[in-house]
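What follows is the residue order along each chain.
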Amino acid sequence: MTASSAPATTMPRAATAERTRARRPRRNWGNLSLVSPFLVFYVLFLVGPLVYDVVLSFFNTSLVKGGLGSFAGFGNYTELFRDHQFWSAMWHTILFTLVSTPPLVILPLFFAIVVNRIKRGQWFFRLAFFLPYILPSAAIALVWLFIYEPGYGLIAGFFNLIGVGDPGWLSDPNVALYSIVIVTVWWTIGFNFVLYLAGLQDINPDLYEAAGLDGASQWQQTWRITIPMLGRTTTLVTVLQVIASLKIFDQIYLILQGGPNYSSRPAIEWIYDTAFTSQRVGYASAASFILFIVILIVSFIWLALVRRQESGV
Amino acid sequence: MAHNDVRVGPNRFGPGRTLLSRRGFLAGTAAIGAGLVTAACGGTYNVGSGLTGSSGGDNNSTLVYWNLLTGGDGTHMVAMEDAFRQAHPQVDLQSTILAWGAPYYTKLSLAIRSGSPPDVAIMHLSRIHQYGPPGMLTPISEDLLAAHGMEPKDFTPLAFSKAHYNGQLLCIPLDTHPFVQYYNTKVCKKAGLLDSSGALPPIKSADAMLDALRKLKKVGATPVVCDTINDPATPWRLFYTLYSQAGGQVLADNGKDVVLNQTLAMKVLTFIHQLASEGLMNATVDPGGGTAIFQAGDAGLYWEGEWNVTVFQGANVPFSMQPYPALFGQAAAQADSHTFILPKRTTADPEKTSLALTMIRTLLGQSLTWAEGGHIPAWLPIRDSEAYKKLKPQSNYQEVASYAAYDPPAWYSGSGSDMENYLGEPLGDLMLGGMSPQATYSQMLGSLHTLSKEPVPV
Chain A
0 MTASSAPATT MPRAATAERT RARRPRRNWG NLSLVSPFLV FYVLFLVGPL
50 VYDVVLSFFN TSLVKGGLGS FAGFGNYTEL FRDHQFWSAM WHTILFTLVS
100 TPPLVILPLF FAIVVNRIKR GQWFFRLAFF LPYILPSAAI ALVWLFIYEP
150 GYGLIAGFFN LIGVGDPGWL SDPNVALYSI VIVTVWWTIG FNFVLYLAGL
200 QDINPDLYEA AGLDGASQWQ QTWRITIPML GRTTTLVTVL QVIASLKIFD
250 QIYLILQGGP NYSSRPAIEW IYDTAFTSQR VGYASAASFI LFIVILIVSF
300 IWLALVRRQE SGV
Chain B
0 MAHNDVRVGP NRFGPGRTLL SRRGFLAGTA AIGAGLVTAA CGGTYNVGSG
50 LTGSSGGDNN STLVYWNLLT GGDGTHMVAM EDAFRQAHPQ VDLQSTILAW
100 GAPYYTKLSL AIRSGSPPDV AIMHLSRIHQ YGPPGMLTPI SEDLLAAHGM
150 EPKDFTPLAF SKAHYNGQLL CIPLDTHPFV QYYNTKVCKK AGLLDSSGAL
200 PPIKSADAML DALRKLKKVG ATPVVCDTIN DPATPWRLFY TLYSQAGGQV
250 LADNGKDVVL NQTLAMKVLT FIHQLASEGL MNATVDPGGG TAIFQAGDAG
300 LYWEGEWNVT VFQGANVPFS MQPYPALFGQ AAAQADSHTF ILPKRTTADP
350 EKTSLALTMI RTLLGQSLTW AEGGHIPAWL PIRDSEAYKK LKPQSNYQEV
400 ASYAAYDPPA WYSGSGSDME NYLGEPLGDL MLGGMSPQAT YSQMLGSLHT
450 LSKEPVPV
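Chains as they are written, first to last, in numbering that gives the first Met the number 0: chain A, 0 to 312; chain B, 0 to 457.
Simulated from the structure, these hints should not be mistaken for lab results.
Beta carbons are placed, not taken as given, at the ideal position from N, Cα and C, and that holds for glycine.
Take these hints with a grain of salt, some might be off.
Within a straight-line C-alpha distance of at most 20 angstroms, the following computed SDA-like cross-link-like pairs (lysine to any residue) qualify [as the list claims (entries may be wrong)]:
#1 B:K452 x A:G162
#2 A:K64 x B:G114
#3 A:K118 x A:Q200
#4 B:K214 x B:M149
#5 B:K389 x B:T309
#6 B:K343 x A:G66
#7 B:K351 x B:K214
#8 A:K118 x A:T221
#9 B:K106 x A:S69
#10 B:K452 x A:S69
Reference listing, derived: stretches of chain B covered by chain A, where coverage requires no fewer than 3 residues with Cβ under 8 angstroms from a Cβ of chain A [as the list claims (entries may be wrong)]:
#11 179-193
#12 221-232
#13 354-363
#14 370-376
#15 396-404
#16 447-456
Here chain A stands alone, though its shape is the one from the complex:
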């Protein structure tokens, strides 16, 4: 999972389109047949597994035994609610989201505004910010393991030089998760940056000209025109970011395996460990369903906010 992909349904324009279509009474079956190849895959690979997951969550299904296993009723769910390992993993996911979202919304905005002002060689900055994003998570993990490595790492020497000592990037349970936040910001900032840059280029230059004639300073133009005009982009970026952060897995699994002492293990890794190492697929299905509900609730809240914002415009 890269930290910035999201289902198309959360996008504001799609929502508007849906509403317009709902007002039209006549159905267009031709359109339906056009999307049917997609629908087949959607049912086969999304709806199907989802239903299967819910079914599995009521059974003691094992990875290594055929069939569903014995019926568990709500047993998996009650066990889950008492399982502090699971809830601490959920907390790590939420903490990661809370800590990683603000910098991933604010920093790209700042950089986009700055880069948008550069007239010559802008391509270089666009490329520089976006480049890490195209790297696979495995490459990112290797690069940052080398950077964080105590003693031999790239930045360990620097910290020792200024005399504060290495903060235990990967070994201190209170630091490890934040190390991953830094990795993620560096890795995925490019995606949000590009969204902002596109938003900036959508703003009508006449507005700045008019403001300039009225004597608005650069700072006022940024604050009164750029930021408000980017409102919808900011909402979009935030929604995508929250969802992407809730799905955190790759970087933590590859760099820390959820350690030290499980201090960084996110919900998805707990689910993976339970299903594929403990082989308790039924139990893990119950957990993934709960995570799915959490992500769904968050998405709905954001969707409601977006709709309110759109009707306000």
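Please arrange chain B on chain A, whose structure you already have, making use of the hints.
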């Protein structure tokens, strides 16, 4: 995206110049779909057989072999496979290397469950308690073994007896790979630890170990390196080595009972804590960092499995190896064995089984190559050979094969298992100086109780 819609209208190619008609597109899609289904039903390892549980129709002269061996081990295994290919040119040996640990065992489970397993695969001996009970492995009779030139007396007795579950032989051991002590001869000499022959005499107690490490610290070396980061298995190996030396048991009754002894465990945990608090151990490294420090000649001792021997030989660091010293009484060291298994197939295929056993026998005959990677051969004709005895420092610790401490049998234990992870994580924190021995013990005990009470999925 709301703000960067692609602004290309439907008429981009002009009204008369659509690239593809709708009908043409649909027909094409249908053709591709049909092709995929056909392909899926035709291949050896396919979606179709995964869904129906039938095994694909294989050609009898192909042999599919899965293993999790990378690095030096991987290179040696490839050389051994090539020896087999040369001896049996009519057999198409298809070898697949997968990532070590849980990812490997997940794929293996799913392949067996879906009815399309490899014909032969590597498995850690400690894992047969997960795969044996649900009947995922083909038992190997002594007759079958003998028919392919192998007899029980040809194998290390301990490994061979541990290869049984419920009286049936489920795997054929290739080696024993214990936790050992590497030492830098130059650094240890400087600290005055070596005897006149230039070897490190066995350290006989925890106090003697502390003394030795303090001497190493005095000469400016990192006394001992043992990694914890991204590697819960190594802290577990250290703990289980020392705890077994003290005579402790962790589990009983195939994992249903937890018998972790508080007095013995605390003795070991306090010792590890002292290593951390006195600054005698560098544990803030991942496996790569650990080997790098020892390789650079900065460390006196390095505690890990013997499989890094080729790394250090390649780096020309002056070093030697020995059994992990008995610090808490009896000689013991955490260990496991790579073994060959025959995954259970939906329909037995005696010819394929025979082919697989022929391959196993050929590879066992190549054990000397395997031993270069550090592992103690389980195949006694090689282990007792002069050539192996001359292989140094690999043969220094061959005695460990007779007192190796395998992970306690349970469905949740073994190499790369939940138990190793759940216990290794707090142990790692202890080694980093974070947790107290008491807190580590409590967390370990709590995790063991949780694991032992989980519904058994096998």
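Flag every earlier hint the structure violates by its number, smallest first.
1, 4, 7, 9, 11, 13, 14 and 15
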